[in-house]
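One letter stands for each residue in the lines below.
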Amino acid sequence: MSLKHDIEFTLNGVKRRVSVDVTMNALAMLREVIGLTGTKYGCGEGECGACTIQVDGVSLNSCLMFAVDCDGRNVTTIEGLANDSKADALRESFVEHGAVQCGFCTPGMIMQADHMLHKHAHPDEACVKRGLEGNLCRCTGYKKIVDAVVACGAAEVTP
Amino acid sequence: MNVAEKKARVIEPDSLIGKRIPKMDAPEKASGRTRYIHDINLSGQLYGKILRSARIHALIKSIDVSAARALPGVHVVITAADIPDQRPIGVAKDHFPLKVGRVRSQRDEIAAVAAESEEIAEAALKLIKVEYEDLPVISNPEDAIKPGAALIHPEPHGADGSHLHLKQGMSIAHKGKPDNIAMRFDYVHGDVVQGEAESDVVVEDTFKLHYVTHCCMGVSGMIAEFDASGNVLMYSNTQVPFLHKREFAEYLNIDPARIRIIQPPIGGGFGSKLDIYPFEVICLYLARAAKRPVKMLFTREEEFLASPTRQPVLLTLRSGCKKDGTLTFRQVHTLHDNGAYTSWGATTPFVMMQTFSSLYRVPHCDYHTAAVYTNNPYAGSFRGYGNLQATFAIEQHMDMLAEKIGMDPLEFRLKNAQDAGEVTGQGMSFKSCGFKDCITTAAKRSDYARKARENAANRDKPGNIKRGIGMASMLHVGGGAKIYPSDGCGTILKMDDFANVTLITGASEIGQGSETVLSQLVCEELGLPISAVTVVNNDTAITPWDVGVHASRTTFIAGNSAIGAAKKAKSKILAVAAKKYGTAEDELDLRGGFVIQAASGEVVVELSKLLRNLHFQDKAELVMTTFYYEPPSVHQDKGFKGDVSAAYAWGSQVVEVEVDTDTGIVRMTKVTGAHDVGRVLNRLGIEGQIEGGVVMGQGYALTEDLLIQNGVMKNPNFRDYKLVTAPEIPEMDIAFIESMDGEGPQGAKGVGEAPSICIAAATANAIANATGVRMFELPFTPEKVYRALHGQTPKLYWKPWKAE
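Chains Z and R are the protein sequences, given in the same order. Take any residue in the first sequence, count from 1 to its spot, add 1123: that is its number in the working numbering. Take any residue in the second sequence, count from 1 to its spot, add 67: that is its number in the working numbering.
Think of the hints as simulated: they come from the structure by calculation, not from any bench. Glycine included, each C-beta is placed from N, C-alpha and C at the ideal position. Take the hints with a grain of salt, since some may be wrong.
Claimed, not checked - 30 Å max Cα-Cα, derived DSSO-like pairs, lysine-lysine:
id	chain 1	residue 1	chain 2	residue 2
1	R	K213	R	K128
2	Z	K1242	R	K789
3	Z	K1127	R	K482
Unchecked claim - Stretch by stretch, here's where chain Z covers chain R in the computed footprint (C-beta under 8 Å, at least three residues):
id	region
4	102-115
5	284-294
6	329-338
With these hints in hand, go ahead and build the complete structure from the sequences.
Laid out in structure tokens, this is it:
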């Protein structure tokens, strides 16, 4: 059986200590060790973006990150956005704009969009499309997802 | 109490129909709280994994599972030898879940393991030793029909080589087949010889359609559990729970009543979950043997390898018309790559022939298909169900015929387009038909005529970017499809003491938004806000029968069923109110949570109060109703004729492209669509369906290509199988033609499949408009386009062939 390693990190604002297999990726740790299933497995090789999380404020594919590399870092998942008012607006924008169909890509999309909105508060359509290029969706044709993110950024401009 | 004396509070009329109503399940999904099958774990659960074939076509000489069984943490290892009562599965009952004696494709299931963890199960698979004896691989359907071709399902022979005497009624899995023809369809109306004689112009071309697959974002999976009495609980992503319940029972040799299917939210369907696949039956075998719940999830690679595909088609179409633009005949021969086994892909000719026979008025039509066995992946059902392939050929020929007779392609289409009131040669009766409106609306909104003219004129001007515009139209079932004994759906509706509704429907939600639309329809009848409804739609122990999510039928069929149940509830409520308040039922209505005077909108009583009064009286009663809706469609006869759907959906799409003649890259810049949807029920939802379908069609036309070489899938991953990404999507302008179907719920017709159908055909026409070069083979990858533009694509020709 594989070697275990103890790590300590901040997950969604709470300090965690977990023991993980050294070969395990962060996605498997979140889903199977910690039990947070909002982060999705879509491909396991960084092509679909369904497993997008934020680590020290940067979005990345959790399937491509070793769990042990979370040690000492600040990790945010879709569940961690529950107490974030800025993210409330983004989620509501997804709902209101019809950006959710089967919903399987949605957590990853929102994690990526949230990251994008932190970098570019008021992105235009081209910027959003570029920013979501690494997140695949098979249901919506992306248009309503792009609309949702653009509208969320624009809403912050208007008082 | 006299109603008129009550101080008048007036409720203004309001309607939910046509509004932008967000999906009811969207907040949960957007928060990451929704539990898909991947997120559900049962206590005591084991993990199942399947060993697939290392060869494409081979005899299995031996399987040694002893080392796998000995691995700590392994509970069960099974092969066909452990399940002597295996029954054949699939549309043609031509394979066993665990393969017996022979593998016929890369995905073939040889053994399965249930273990304490996925890692242990995977480790166990590596310990299984299989000896094979290779057989010749047939990877091309044209080779499969050659005389003397090796057989994919040969008839069994005795030990001495003699033909075994086979019992009548045995399945193909047992008795084999004397040829490689899995299924054939022959359809005719009129007389094509006469049609050709009447033609001034005839064109004939061969079209080649490729392999693509669904790529649901959530991989396939299921959880199976047997209780102490042998009853089965399945968590499944099936799109057809009630038919599958019966089928699973057959495979397990138990009473269907002992099977319960719960459908957790699903990570994409698109037709992929319409058949029972080996992994599902194998998961049941493992759970039965282990006496523990077993969960099985695919990896993405496995999802590519072992999911159904859209069926590749080789198609030769011969079409004719008169100088005045009247279509005269259509003769079609197609060859479908069935793959190694038969799933719904083989039956897509049902839909293809509708397009050939009835999209336009064609007096003479002749259509022949053979779906043939090869050692390739087997084809299933996929949004559009053959219609993308048929439309690809037909709509190119519409442009080509128009050009030959020097007629404007729009005028040519309009001259031959169907109208309401027509009955086609195939017996389809068009009650509502906005086809001509679709053509003219899409053309006008996209400025088709001007752009087409200018693009053609600019073709030979300098510069490597050529603009093109192309149109295609489609016909698809929009009121269910009567292919089973019933095409119906049941509804149970109950109201509580606070005027909330629980809507229990047989219709499955697969992300398309059915729960929201059904709630809207119920609220429209009962005058309630959408927040008053809870939908239960995912448990065969609770929900009434439904034939399944397919054929764009849910809004139409389940919608009418929900309305039926709501109307019964309303009628009961109004009868009670009329009696209580001394007025006539037809003078009352329900609105805004109140019983009102229909004429004035004046409040009579709060609905919740009335319901409580009804409940807490001496003769206590609750408002609970049921309804079963069966559409007024008919089964086709043996010649495939008959009005198979209660309504038909129409659409026209105009695609604009930029072709880079230096690189062959085709950029899709804009799609303008006009869809006859009967009536828009939920504008937000229907836009989402159309946009998603358009982009799926874009992938089919430009980027997606499942590469199979000699039976081996070369690109089972998102790196090499290219889905469209956000920056590549076209601008989309979607118009809705509301033809108000008389049978449709609030006038609506089905639309789920429609938007994907025309895109590839319209793109081909757009490329021709841009460059003057016709593309007959999908997808339009840069290499293919570049070769075609530089005269390096030999003319495709497949000689029409008819199975004897």
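Hints, one by one, checked against the model:
1. R/K213 - R/K128: 28 Å, holds
2. Z/K1242 - R/K789: Measuring from Cα to Cα gives roughly 28 Å; hence the hint holds.
3. Z/K1127 - R/K482: 73 Å, violated
4. 102-115: holds (count 4)
5. 284-294: holds (count 3)
6. 329-338: holds (count 6)
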